[in-house]
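*Asks:* Spelled out from the first residue to the last, the chains are:
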Amino acid sequence: MTAAAPLISLQSVSRTYRTEGVAVAAVRNVSFDIAQGEIVAVMGPSGSGKSTLMNMIGLLDLPSEGAVYLQGANVADLTEDRRSSLRARSIGFVFQSYNLLARHDAIENVALPLVYCGIARKERLARAEASLRAVGMLHRAHHFPRQLSGGEQQRVAIARALIASPLIVLADEPTGALDSRTGAEILSLFAALNRTGQTVVMITHDPGIATQCRRTIHLHDGELVSDERVAELLPSRSTVS
Amino acid sequence: MTMLQGFQIALHALRLNPLRSFLTMLGIVIGVASIVTVFAIGSGAQLRLQEQIRSIGANVLMITPGAVYQGGVRLKDGSKLTMTESDVQAILEQIPEIQAAAGSIAGTAQVIHEGKNWNTTINGTTTGHFMVRDWQLAAGRYFSATEEAGAGKVVILGSTVARELFAPGDDPIGAQIRIMKVPLEVVGVLDRKGPAQDDVAFVPLTTAKLRFLGSASNINRDSVAYIIAKVAADGQMAGARAEIENLLRQRHRIPAGQEDDFKVQDPAAAMEAQQGAIRTVALLLVAIASVSLLVGGISIMNVMIVSVTERTREIGIRRALGGRMRDIRLQFLCEALVLCLLGGAIGVAGGITLSMTVARMAGWVTSIDGQAIGLSLVFSIATGLVFGFYPAHKASKLSPIEALKTE
Ligand SMILES: Nc1ncnc2c1ncn2[C@@H]1O[C@H](COP(=O)(O)OP(=O)(O)OP(=O)(O)O)[C@@H](O)[C@H]1O
Ligand SMILES: [Mg+2]
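Here the protein sequences line up with chains A and B, keeping their order. Per this note's numbering, the very first residue in the first sequence carries number 1; after that it's consecutive. Per this note's numbering, the very first residue in the second sequence carries number 1; after that it's consecutive.
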């Protein structure tokens, strides 16, 4: 569409799971936009639909109703192969449980998305090195996940999310498995990334973390209950839908 | 993702669990090794037969004694020498398709030259024998007419006998050797014709009868043990055979309805039939070996299905990071292919080793066949594709979200 289209746009998005005839509405009629360069915290109690929402933004899942637009294009109109390609190039995932491949060392893990971008091994490794350096993990390049602490594994996972210079980094409770100090370190890493212009969406349970983001979206029972922006110089402004 | 990357990932995954990978491909290894071995032994046996067929000579008929009746009792084939030198003469003179013919009697004896001696077959025959078998001389000459008529004390040696009796530099021609105390002059040495054929010494038929069998012999002075005859052309074999049968029945005065006292055989045709039988048996064995390949394929499929289940989370991660369904499929297909190819290669090496061992231990001729090796490698690849496809397809169909949730 036009260049003015927001990076991500959700329009009346619902996602209903149907298991054995029982329908569970995990996300109901949610609409919001995410602009380039934002850092957004998504909050809500367990089961409120945060991960479901994140999967749709990350092109891993499609809405049952409504539409998700990535740079103006309805993702439901793309082929599965095209969505996969976009995941490789434009989306960086960070998971609560790190999700590193146990049988590959840190640098191989970081380079993995580039395999699916069709980039040659030499360049993959060079870029993985740069990415590891950016998160301060270059000295652990040839360590395997089991040889790394939780915080270190999460840093490697962030390096992996960043390697293809994605449009957006999606983090589902990135500090959920870490102690509060390590969690704070990871969080400041995201904040630093955002200062360089990286768009970040982060699911969190921790209100302390959320306050450090300039925008917080609250979900409850699959519905969007608030979408607050904190302007650095302006007083907070809240919108309740 | 490219094929090459697929193979890299596959090799990485398989290296992590070498024992399991090896056990997985064991079926393929055994299958391919058996196919290669069976092929090698089968084609070795065929080569050997072909050599024997060649050594008999082209278009040769062989006439041996058949059953005889004495007082109404049927005696065993060959228990009496029923053919004579005049039969040979009659065949030569009365059947136009026959180019050459010779009667033979044979036995074994010790041949002695100076310090060396060797046990071999002594064949009493005429020069016609060498014509029938297209058997050329390496040195010297055949028997002369006078030697044939007058029981000349001469001998023509097969190449094995010449080698055993004479040192490499010695010229056997003109040398004196002894057989059963009779001194004989070597007049000729024959060309090589094959290991089974060359261990022989020929003397004139008359010499064999008069000097070796002696007057004490109970056989008719005119008898021969067998006759070989050469037919002019391949197409005349059946006709010539019928004519010989007619002629001999007349000469032996066999009444209509009674069995012949001789048999006319076409040894080359018999061997060709044998060759066909070998081929059939080899094909049967290959079919059996292929079952092992099939079992190997099934075992690969089994392990791959387990592996897909075990690695569900890895599949989820790869999908989330941008792996397309076909990339996942390719990855697992490559794993199956690598297993089969590696198994196939080990199997080929094992098969070659095995057939060489068999060749050495059993003394069989084996021949490693490039075609068989190519064929079994193609089989292995096909096995990998067929049995790897289902698990690979299953892996590619996993929902990335569900896959990420599994532990
Ligand atoms: N595959 C599925 N099939 C059926 N129901 C599902 C499925 N995935 C999620 N749900 C349901 O959808 C709702 C939202 O789940 P979701 O995982 O999005 O919650 P969440 O906000 O991420 O929770 P948490 O904070 O515990 O991670 C829940 O009620 C859950 O049971
Ligand atoms: Mg969740």
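Please keep in mind that the hints were generated in silico from the structure rather than gathered at the bench. Please read these numbers as outputs of a predicted model, since none were measured by experiment. Treat the hints with caution; some may be incorrect.
Taking beta-carbon pairs under 8 Å as the criterion, some of the chain A residues facing chain B (in silico) [stated by the list, open to error]:
| # | residue |
| --- | --- |
| 1 | LEU60 |
| 2 | ALA73 |
| 3 | VAL115 |
The beta carbon of each residue, even a glycine, is placed where N, CA and C say it ideally should be.
*Asks:* None of the hints should be skipped; say for each whether it holds.
*Replies:* Hint-by-hint comparison with the structure:
1. For A/LEU60, the suggested interface contact is upheld, since its CB lies about 5 Å from the closest CB of chain B, less than 8 Å.
2. Restraint check, A/ALA73 versus chain B: the minimum CB separation of about 17 Å is more than 8 Å; hint violated.
3. Evaluation of the A/VAL115 hint against chain B yields a held restraint, the C-beta minimum of about 6 Å falling below 8 Å.
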